[in-house]
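The sequence shown begins at 1 in UniProt numbering and counts up by one.
Hint data in this document are derived by calculation from the structure and do not stem from the laboratory. All residues carry an ideal CB built from backbone N, CA and C; glycine is no exception. The reader is advised that the hints may include incorrect statements.
Label-pair ranges, simulated between beta-carbon atoms [what the hints assert, rightly or not]:
#, residue 1, residue 2, range
1, His513, Gly381, 52 to 58 Å
2, Pro438, Asn400, 28 to 34 Å
3, Lys61, Met421, 26 to 32 Å
4, Glu378, Ser560, 43 to 49 Å
5, Glu414, Lys370, 35 to 41 Å
6, Ser102, Glu268, 27 to 33 Å
7, Pro371, Glu148, 39 to 45 Å
8, Ala519, Gly673, 32 to 38 Å
9, Gly641, Pro557, 44 to 50 Å
10, Thr682, Asn585, 54 to 60 Å
11, Gly47, Glu378, 45 to 51 Å
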Amino acid sequence: MFVNRNPKKFICLWNHLFTNQLWFAVAVVFAVTTCGGGETAATVDKGPNCAVKYTCLDCVKLAPKCMWLMATQTCNRTTATTDASTGSPPPLTAYGEESCPSFDVTFNKSRDDYGITHHHVKVLVSNDPMWAFRALLHRSVIKCYMNEVNVTGKEFDGRITCDLPENKVINPAMSKSPFSYVSVTMGGVTLAFNDRLDHYLDTHHFNGCVAQQEYNDECVSCSWDTEDGRRYYCRWCSGNDQCTGMSQNCDVRLLSNTTYSEDASNVEVRCPVARIESIVPAYASWAGGTTVRVTVSNHKILSENCLVVVTISTSKCLLPSTTKDGTGIMCTISPAGNGTRPADGPVRVTYVSRLDDRPERNQVTVRSEKPFRFVEPEITGMRPTCGPTTGGTRVTIKGNYLDAGSSVRVFIRENITCEVMVHKPNEVSCVTGASGVPLAGRVKLEFGSYLSKYVHHALFEYTGEPTVNGNQTFSGIASGGTSMVVRGRYFTCIENPLLYVIRHGIRYTGPCHVLNSTAMVCITPKLNRPAPHVVTEQLQYGFQADFSKTILPLRPPPGSPKYHLYPDPVYTDFQTDGGRTVTINGLHLDRGYNVQDDLSVRLQHTAVPCNVTYVGPHRIVCQTPLWSGGIGSTAGVVHDGIVVTLGNNMAYEVKRNPKRPIKAVHLTVIFSGVAIVLLVATITIAFVYCLKIAMKASHRQTEMQSLSEHCGYTGATFVTGAAAAAEAVADRADPDAVVTDKSHPDATVADKSLPDAAVADKTNTAAVDNGAQDEKE
1 MFVNRNPKKF
11 ICLWNHLFTN
21 QLWFAVAVVF
31 AVTTCGGGET
41 AATVDKGPNC
51 AVKYTCLDCV
61 KLAPKCMWLM
71 ATQTCNRTTA
81 TTDASTGSPP
91 PLTAYGEESC
101 PSFDVTFNKS
111 RDDYGITHHH
121 VKVLVSNDPM
131 WAFRALLHRS
141 VIKCYMNEVN
151 VTGKEFDGRI
161 TCDLPENKVI
171 NPAMSKSPFS
181 YVSVTMGGVT
191 LAFNDRLDHY
201 LDTHHFNGCV
211 AQQEYNDECV
221 SCSWDTEDGR
231 RYYCRWCSGN
241 DQCTGMSQNC
251 DVRLLSNTTY
261 SEDASNVEVR
271 CPVARIESIV
281 PAYASWAGGT
291 TVRVTVSNHK
301 ILSENCLVVV
311 TISTSKCLLP
321 STTKDGTGIM
331 CTISPAGNGT
341 RPADGPVRVT
351 YVSRLDDRPE
361 RNQVTVRSEK
371 PFRFVEPEIT
381 GMRPTCGPTT
391 GGTRVTIKGN
401 YLDAGSSVRV
411 FIRENITCEV
421 MVHKPNEVSC
431 VTGASGVPLA
441 GRVKLEFGSY
451 LSKYVHHALF
461 EYTGEPTVNG
471 NQTFSGIASG
481 GTSMVVRGRY
491 FTCIENPLLY
501 VIRHGIRYTG
511 PCHVLNSTAM
521 VCITPKLNRP
531 APHVVTEQLQ
541 YGFQADFSKT
551 ILPLRPPPGS
561 PKYHLYPDPV
571 YTDFQTDGGR
581 TVTINGLHLD
591 RGYNVQDDLS
601 VRLQHTAVPC
611 NVTYVGPHRI
621 VCQTPLWSGG
631 IGSTAGVVHD
641 GIVVTLGNNM
651 AYEVKRNPKR
661 PIKAVHLTVI
671 FSGVAIVLLV
681 ATITIAFVYC
691 LKIAMKASHR
701 QTEMQSLSEH
711 CGYTGATFVT
721 GAAAAAEAVA
731 DRADPDAVVT
741 DKSHPDATVA
751 DKSLPDAAVA
761 DKTNTAAVDN
771 GAQDEKE
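Using the sequences and the hints, build the whole thing.
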């Protein structure tokens, strides 16, 4: 183990090493970024694939990114073909249709003196104003190919001719084919005809028949290229063709060198003359059993002496048969295996020849462009849900993919048929049969033979004729708009019900809404009459509704009460107790409506309700919620109005009573106030009484002082009435007692006779009173 005891000596080396590593990392990141950017640019700027364009006209459609090279008869990218030294394209280059040479190919046959048939092919070159391409042809060796056999051709003034003896151009592999593949080369380069069909000529070997150039409706042919670099050409002729009779032949070649490929089995055709035009329906129930019609172009020619096999996705279509007009096939989709839903996929029609020993080597298939879908019908609604027991009700069932089947049948309660009248993708309509008695049951739809669906959200009910119960009392106000509940039977099936009230020969109506089989709610009508009108009237009324395609009158039974018409309520004002309770005053406040359904009270300019607790003829009492703070409270907004809504037609703004509201006072406060008032009154009364006593005593003392002073001046002796009475009592008790007048020490009186003393006392009292009166005067 080694230990560095002087690490500073390696600091410089470490710093250089770290710097180099940093620069290296930057370089790597830059290189990766540059490469990635180049790849991205290359990915974005791929451009069109010019190499897959095999004719000049197809190539120049992608100009200027693609150009046609006449010398090589190929389509190349412009940038890849440009000369790097001069920056200009090579000679004999086409960029537009006006510079593309045209080839007119003709064919005929003739016999020489030896009976040998000769095939004459002529190619006329045009649209070469500078004669550059024709000069190139003139300098090149011309070869003509027919069925892989070549002969030397001739060129003169832009005209190529080829003479091909039939006995030399027969290819055993193609001996049964009514057409031949023809190509022309210049210096080993095959000329690309503008129309690929010009390479295929109707030669009809051995029979000497020369095909007409005009359209032959007994034969159809087409050509197409595939992604794997092959070119297909197929020709089908019916038995009515005079040259070939019934024939089906396909030619397959490699696009790279136009060589013949013997693998022409199980060809999938991709051309307009043999394609699936339509599939009806475009989808079907996944359970199978749906009959499908597939229309194929030229199906009559394709199917002659052929076994037709139809496959829909992975399911076979059973019992295929040609339609009466010969344009398509009818078949039935097989049932789904194991009850599983098959995957969506294209429709394929395969024509297998019955004339070939190995039919698998000679069959063609046409395929639909769009996939066939397997769906499941969905039911979303049904209307109406009831009808009379006599039947005849038109029931409409809504949903999706209701036409997912060649046919649909509808049943009620499994055994009553509903005859289908309309069958659409989102609608099935049918007319019910009679049930005879009231009953209810599920509605079932059968799609084909293998799938059934029920209407789950509703039953269909057969009912009797609707009626209104008797002994019901109905009422309303002049303005109408209030609700009333009507009881009866079999209301479920009626439509557009209404209430009518007759007044002065005029019928006034209001709408009704069915709640269930035994109840409906009606809105009372507005009646024209002068206001205010305080007279209560009794009027005729009734109901009517649509039932079983007729207008059915629903009159109340005889003896039922009439309709009571009440005047509109009048709301004058309201007042509060300073808290939550509100009292609304007015007239006729409790008649002609249902309090719970029709009456509502709320604070003005808000949605705060006032819950009604009492309704009387002259007042309505309600309470605001605890959190609202009450009307006029400081906890919320001051409300001077409320809104009273009655039914659908009346809404009143009621103002507060202008009088000061009565404040709620606590009992303790009241009792305390009363006690204080009583205490003050008691004290006041006691004080006044004591003051009066004191004043009387003071007045009596003053009189006694005045009398004493008066007696002192005259020397008379006075005895008050009280003293005299006391003396009389004492005298009676002791006749011998001597009474001494204490008011005067010198005076003594012997009471010998009580009456005389009493008289003297009265006289003295009178004298005193007179003296006092004189003194006052």
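Between Pro371 and Glu148, does the beta-carbon spacing fit 39 to 45 Å?
-> Distance hint for Pro371, Glu148 holds at roughly 40 Å.
32 to 38 Å as the expected CB spacing between Gly673 and Ala519, which holds or is violated | This hint is violated: roughly 59 Å between Cβ atoms.
Lys61 versus Met421 beta-carbon gap, inside 26 to 32 Å or not | violated, 54 Å
54 to 60 Å as the expected CB spacing between Asn585 and Thr682, which holds or is violated = Taking Cβ atoms as reference, Thr682 and Asn585 lie about 43 Å apart, which means the hint is violated.
Hint says 27 to 33 Å; check whether the CB-CB distance for Ser102 and Glu268 agrees.
-> With Cβ atoms ~32 Å apart, the hint holds.
Range hint 35 to 41 Å (beta carbons of Glu414 and Lys370) holds or violated = holds, 38 Å
Should the hint that His513 and Gly381 are 52 to 58 Å apart at their CB atoms be regarded as holding?
-> violated, 19 Å
Is 43 to 49 Å a correct range for the gap between the Cβ atoms of Glu378 and Ser560?
-> holds, 48 Å
Determine whether the Cβ-Cβ distance between Gly641 and Pro557 falls within the hinted range of 44 to 50 Å.
-> Taking Cβ atoms as reference, Gly641 and Pro557 lie about 46 Å apart, which means the hint holds.
If you check the beta carbons of Pro438 and Asn400, does the distance land in 28 to 34 Å?
-> holds, 32 Å
That 45 to 51 Å hint for Gly47 and Glu378 (C-beta), does it hold up?
-> holds, 48 Å
Of the numbered hints given earlier, the model fails hints 1, 3, 8, 10; all others are met.
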